[in-house]
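Novice: Sequence:
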Amino acid sequence: MSREDILSFLQSHKDEFYQKYSVTKIGLFGSYAKGTASSESDVDVIVQLDKPNLLTLSAIRQELQETFKIPVDVIRLRETMNPFLKQQITQEAIYV
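For the sequence shown, position 95 matches number 95 in the UniProt record's numbering, and the numbering has no gaps at all.
Just so you know, these hints were derived from the structure itself, not from any lab.
One should not assume that every hint holds.
[Said to hold, decoys possible] Subject to a maximum C-alpha distance of 27 Å in a straight line, what follows is the list of computed DSS-like cross-link-like pairs (lysine-lysine):
#1 Lys-51 x Lys-25
#2 Lys-86 x Lys-20
#3 Lys-51 x Lys-20
#4 Lys-69 x Lys-20
#5 Lys-51 x Lys-86
#6 Lys-14 x Lys-34
#7 Lys-14 x Lys-51
#8 Lys-69 x Lys-25
#9 Lys-14 x Lys-69
#10 Lys-86 x Lys-25
#11 Lys-34 x Lys-86
#12 Lys-86 x Lys-14
#13 Lys-34 x Lys-69
#14 Lys-25 x Lys-14
[As the list claims (entries may be wrong)] Estimated spans, in silico, between C-beta atoms of each pair:
#15 Lys-69 x Gln-11: 15 to 21 Å
#16 Glu-4 x Lys-25: 15 to 21 Å
#17 Ser-12 x Asp-73: 27 to 33 Å
#18 Glu-79 x Ser-2: 30 to 36 Å
#19 Thr-80 x Glu-16: 27 to 33 Å
For every residue, glycine included, the Cβ atom is placed at its ideal position computed from N, Cα and C.
All chains, full assembly: derive it from the sequences and hints.
Specialist: Given below as structure tokens:
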């Protein structure tokens, strides 16, 4: 799995994610976004949701894990998030 494969999948399924989960923005961050992923890496996905809730994030994560066949973390930026972490994610994120 490459960065391009992941971004291509997210791009081609963006409308589907909006319909199913109210995802308004989706992207990649972390080692895959930076091009430093190894066989031990997970896929880090960032989303913005119209109606955020934990069940939605969990469902997105599950769907992506089944598709990519590797561990996936799905996060959304929040006001209460650690400022350093938020800045790092914002700088790394590649949105589709």
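Novice: For every hint, state whether the structure bears it out.
Specialist: Status of each hint after checking the structure:
1. Lys-51 x Lys-25: Since the Cα atoms of Lys-51 and Lys-25 sit roughly 12 Å apart, the hinted pair holds (cutoff 27 Å).
2. Lys-86 x Lys-20: holds, 26 Å
3. Lys-51 x Lys-20: Holds, at about 12 Å.
4. Lys-69 x Lys-20: holds, 21 Å
5. Lys-51 x Lys-86: It holds: about 20 Å lies between the C-alpha atoms, which stays within 27 Å.
6. Lys-14 x Lys-34: Distance of about 21 Å is within 27 Å: holds.
7. Lys-14 x Lys-51: Cα-Cα ~16 Å, so holds.
8. Lys-69 x Lys-25: Roughly 23 Å between the alpha carbons, so the hint for Lys-69 and Lys-25 holds.
9. Lys-14 x Lys-69: Holds: Lys-14 and Lys-69 sit about 19 Å apart, inside 27 Å.
10. Lys-86 x Lys-25: holds, 16 Å
11. Lys-34 x Lys-86: holds, 16 Å
12. Lys-86 x Lys-14: holds, 23 Å
13. Lys-34 x Lys-69: The given pair, whose Cα atoms are some 20 Å apart, holds under the 27 Å limit.
14. Lys-25 x Lys-14: Measuring from Cα to Cα gives roughly 8 Å; hence the hint holds.
15. Lys-69 x Gln-11: 15 to 21 Å: About 19 Å separates the Cβ atoms of Lys-69 and Gln-11, which means 15 to 21 Å holds.
16. Glu-4 x Lys-25: 15 to 21 Å: Hint holds: Cβ distance 19 Å, inside 15 to 21 Å.
17. Ser-12 x Asp-73: 27 to 33 Å: For Ser-12 and Asp-73 the Cβ distance comes to about 21 Å; the hint is violated.
18. Glu-79 x Ser-2: 30 to 36 Å: holds, 33 Å
19. Thr-80 x Glu-16: 27 to 33 Å: holds, 29 Å
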